[in-house]
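Protein sequences, first through last, are from chains V and U. Using my numbering, you'd call the opening residue of the first sequence number 1 and step up by one each time. Using my numbering, you'd call the opening residue of the second sequence number 1001 and step up by one each time.
Calculated from the structure, these hints are not laboratory results. Don't take every hint at face value.
Derived contacts from chain V toward chain U, CB cut-off under 7 Å, selection only [unchecked claim]:
(1) Phe82
(2) Leu185
(3) Phe203
(4) Leu213
(5) Gln276
(6) Gly341
(7) Lys342
Glycine included, each C-beta is placed from N, C-alpha and C at the ideal position.
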Amino acid sequence: MTSHFLTRRKLLKSASVLGCSAAASPFLTTLTLAAMPGDARLVVIILRGAMDGLDVVQPRGDANFARLRTGLESNAQDLDGFYWLHEGLADLMPLWRAGQLAFVHAASTPYRDKRSHFDGQDMLEAGTATDVAPAAVRDGWLNRLLQAMPGSAGETAFAIGRENLKILSGRAPVSNWAPNTRMALSESARRLLQEAYHDDPLFADSALEAMELADVMAREPAASDGNTAKMQDMMRAGGGLSERALAAFAADRLNRDTRIAAFSINGWDTHRNQEQGLKRALGRLSQAIATLKEGLGSNWGKTTVIAMTEFGRTVRENGTAGTDHGTGGAMILAGGAINGGKVHGRWPGLSEADLYDRRDLMPTSDVRSWAAWAMRDLFSLERHVLENTVFPGLDMGGDPGIIL
Amino acid sequence: MISTATLAAIRFGYGLGPSAGAHPPETMLAGLALPDAMAQAYPVKPSHEAVRIARAYRRAKRAAGKAGAKDNPDLQEMRTNLRAAAGLGLVQGMARILETPVPFRERLVWFWADHFTAVARNAVGKAVAPAYIDEAIRPHVAGTFADMLKAVVTHPFMLSYLDQASSTGPNSAIGKRRGRGLNENLAREVLELHTLGLGAGYSQDDVRQMAELMTGLTVTKNGAFEFNPRMAEDGSETILGRTYGGGRPTLADVFAALDDLAMHPFTARHLAQKLAVHFVADDVQDSLVEHLGAAYLASGGKLMAMYAALLEHPAAWAPELQKAKRPFDFIASALVALNLPGKRLAGLEPNELNRLLFRPLADMGQPFMGSRGPDGWPETADAWITPQGLASRISWAAAVAGKAGGRAGAPARFLEQTLADAAGPRLSWAVRQTNDPAEGVTLVFASAEFNRR
């Protein structure tokens, strides 16, 4: 599309064709510096498993709430007299008071009725509506954002962790790495391997990026790397990476050339014993946000964090002290760049007639429109690009003013 | 052009090796019909024993806590035993692969274990996880799908994982007395993931009715399966237009619905699609899927008929290697290529196993039995061959080559015995550039040809 923008990946490819090692290329640093698209930082956290928005941001001002949620109790804190915040996010109250934390209530993707996690997450990450099958969409909305951003290069966006994040996959080059990954390989083995990969583009491209990233990490020991004991602490039992490790790594990259980072947090599918399960998941999210703030330092002021989930949960408790798959849910916004201290979104009410399908919170806005407004303000994108390319077919509606 | 023998080993087994199970295509099905020798040779702890170990640990821990001691040698030993029981799933699983004369069986066990993914929530659950596969999946891979489905849906591990164990009919005796109610989780996934497939013509009402029908499936205090009619919802339930139950609730009502679901044309199509995608290509031909689905239905739901249909279809023998091995299969086939004896692997110390298997699997994106949801692991090559994922594979290859490379011998010979005619000319050239056996092993294991199938 833009032939005059030589992307990092293309450059790396041509470098390897010429037989010179990517790591030794003298052009890279300059190119990276030249390719910095603005100063704003965006972090998208996917909350996999369907977060119960009603329990996280509790509408205690709605008379029906107490009737519907008798068993799910927590020491919530008053946000604005109508909404109360679940105790699992209590550590973020200082951010709320500083105007650096906000919520959107009763929002959802356009996904309806089938209530499948996997389809719901596909649609959330694809950023499409129901007119296309989510599985048929191969690229994610953050990748389409990159395609529309002038000067975006391979390190502009980072998918962090060991999973392949659909939200960032697509035509525009992105980086994908997990904290603590190393690649120890002799120079000769590298060269031979690149030659052997030549006819398989998937392996050739991945290897080239892997070698380059491994070199970058080796040159600039990341703030999150620290000593071995600290990294051990960041590994969860079973070998998973802790949210702290992901967030610290994200902050470190965002302090350099990266402007967009994405990772996911699991554990929101609270069909049973929600009181315990949700508190645990919120603790992880809270820690991720706190770690981002700490790691970003002065860059926190330019940062927007958007945490979003595939759908909400039933307004009534189920028979096992939990909730089942629903529709309308909540989004969480944080960062020094946001106009926080507010719960956005039109409250639909909780009377029987107000519900979706007589069981779920009625969605009153599209999660994509909030993300779109944030991106317009952060990256100065035109509205038509957001409505046609990034989120095809979206009507963004009026400006909700979520960014300062 | 890759020979059929090479394809059979790579695509339907764990690749070639000095003593890899020889399996010309015509004997693959016959091998499945033989008794399963590997399950006995490399056993895991059965459910009841794993539960006993786990509970004893929990009791001892509580007692130690009450006595004011955080830890003691006895407790440490029990914890080691608990972790070892959990680890057996991977260690014995790999040992079986290294020793089996029927690699296709092991591939099928892991395929169906992924189809019926269940994940442990805690240390106790982890100890039972290997038994779940050996008890609910493994005995049925050459049987009928309906039997496997019923074994899964009545296994305590699945009942706990998808919350069925506590789901209670609101109008059942226990539901009324204790104010308990339904939990839709397992019922939804049975329809969406295990049988019909997403969007296959069922509604929220069907999910609800299925959840009501499945009440009563639960787990006893001792961790065993039980059908408890006092938890089962009264009255009949209608799923996809068919009515079940109505009298005194019984397990037979649930099984009748599962039998019908197993033989539903949507289920046949869903299973055929998954099997074809798993073994052949990420984008699979419709004709292959239809062929598999038709064979399944015509046989009355026999899995062997579906495998036979797969192996007889020309699309299954396309010479292009289109799939990427998942990390588990990548590591397994490398150990086969290195001719590591199963007994040696099973005898490794916990920290060695961590370095060789557990940690690398997590680094490559597939922590053992740690799928993020009940939909199992991704199939597509681009989900695994990411910069991060490939870097972890290359690092593992180099680390293993450094230790075992000496025994692998001359690089060119190692390439020939590991990939035979699947090695492309560029890989053959690259391997010939080195005399260092370790570098040879690294190149072979890191190669696209070795990582594909």
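Here is what the structure says about each hint:
{"no.": "1", "hint": "Phe82", "verdict": "violated, 29 Å"}
{"no.": "2", "hint": "Leu185", "verdict": "holds, 6 Å"}
{"no.": "3", "hint": "Phe203", "verdict": "holds, 4 Å"}
{"no.": "4", "hint": "Leu213", "verdict": "holds, 6 Å"}
{"no.": "5", "hint": "Gln276", "verdict": "violated, 11 Å"}
{"no.": "6", "hint": "Gly341", "verdict": "violated, 33 Å"}
{"no.": "7", "hint": "Lys342", "verdict": "violated, 32 Å"}
Of the numbered hints stated above, those contradicted by the structure are hints 1, 5, 6, 7, listed in ascending order.
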